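Engineer: Sequence:
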Amino acid sequence: MRRLLTVDPDRLRSLRVQAGLDVRQLAAKVGATTRMVGYWEEGRHVPEAKNVKALAQALGCSIPELTGRQPGTESLADLRFAAGLSTEKAAAVLREEPLGRELFASATKLRDLERNRTVRGWKWRDPQCTGRLVRRLAQLYGVPVRMVLDAWIRSRPGDQLPALPEPKAKPPSAAALKRWDSLNDRQRVYLGEVMREDRMIEVEMWMRRAQQLPVPPAAQWRKLPFALRAAADLVGYTRLQERLRARGLHDPGAGPTLHALARHGLLSVSEDRIEVPGVGVVARVLVELHRVGRAAARAGLQEPREPGPPEHLLSEWLWRTVVRIIEAGADGLAENSLAGKAPFYLAVGYKPAPNAHASRGFIESRPVMATDGTHVREYRWHLTDLGRRHVLEYGHQYGAIYHNADIPPD
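Start counting the sequence shown at 595; every next residue gets the next number (this note's numbering).
This list has only true hints and no planted wrong ones.
Derived lysine-lysine pairs resembling DSS-like cross-links, with alpha carbons at most 30 Å apart:
id: 1; residue 1: K762; residue 2: K772
id: 2; residue 1: K817; residue 2: K764
id: 3; residue 1: K817; residue 2: K762
id: 4; residue 1: K717; residue 2: K683
id: 5; residue 1: K683; residue 2: K703
Here are the simulated distance ranges between beta carbons:
id: 6; residue 1: D966; residue 2: W716; range: 53 to 59 Å
id: 7; residue 1: G989; residue 2: G830; range: 35 to 41 Å
id: 8; residue 1: A826; residue 2: E929; range: 54 to 60 Å
id: 9; residue 1: D866; residue 2: N710; range: 49 to 55 Å
Derived by calculation from the structure, the hints in this document are not laboratory data. On a predicted model such as this, the values are computed, not experimentally measured, just so you know. Backbone N, C-alpha and C define an ideal beta-carbon position, used for all residues, glycine too.
Kindly generate the complete structure, drawing on both the sequences and the hints.
Structural biologist: So, in structure tokens, the structure goes:
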């Protein structure tokens, strides 16, 4: 098991030499004795958290450079260490606040938390309470909430996850209102009913998941049947047509109205062919609502704007990168398949920028050896344990937020 709060003695000595300092000069900068710095470099003692922060500042390096900890693998102890706080100091700060008093925070409990031991007190097992603690530790350690949550999962892989609040709904954007205002009355009715049908299908998919029934990819079920190109007395009406008929609108003008909404970029129109019993194969018109169309309909119907993803979730393009790696299966995804900045935000050992916070650590590059075992043939991307846990816990939430971005079936 990796020792907590460890500074690599060889790294410390090498960084001191690179900085052009002798032991005495470094001791003066850190506020320690020359003998103690010597003990650190010999590995006889481990610097306290406050000293590690001072060492990094004196040597002009990052704390991970001293500890050898790869970005994207931080534990709860690492985050506290990097903030220059002892467990005693962190607990003292927490006890000054209602949350800390509610948890009866102490240095012992923080150490138990970091070492994956049982923390005494039933509120430490309450996801709502631990969710509040995650947010407070993020403030205390000066890092994003997502870093504390990820570190929590790494440090305590068997725990129930802390519950973080969902983002609050926002008022409609000016752009969405402008799109709605540009539509005529008929187009507004069509767009509103398409949105309601889209929601109904989404609820049906969630119910199927809850009942552990197979669910088709979102790219399929988001395409809503609008009409069948056959006589209504033979094939009947789709649910969307029935909705429009209830609003006093019927088939005439359906084509021009849908295509006008498509020209506005609010939805897309396509066709497929299906078998209708007793009739044969007929063409079917499908409509798929776009995000801007959903936003325009919400604005026009005076509904709050959909909030963005919670702060502990990935952006859509990063989530789609994770889905690509899942789709690659056990063999993983070829390393050169991830062009651009995705690895800097997702991969172990990466950071988006020199002074930025570390990546999420959801993916890692693993070597594939040649058949004779003499050399590495290539590297391929795989999910880390943290990445798999994140997908397991939040995959369906991503499917709801980012339409057409479901987890691929097993």
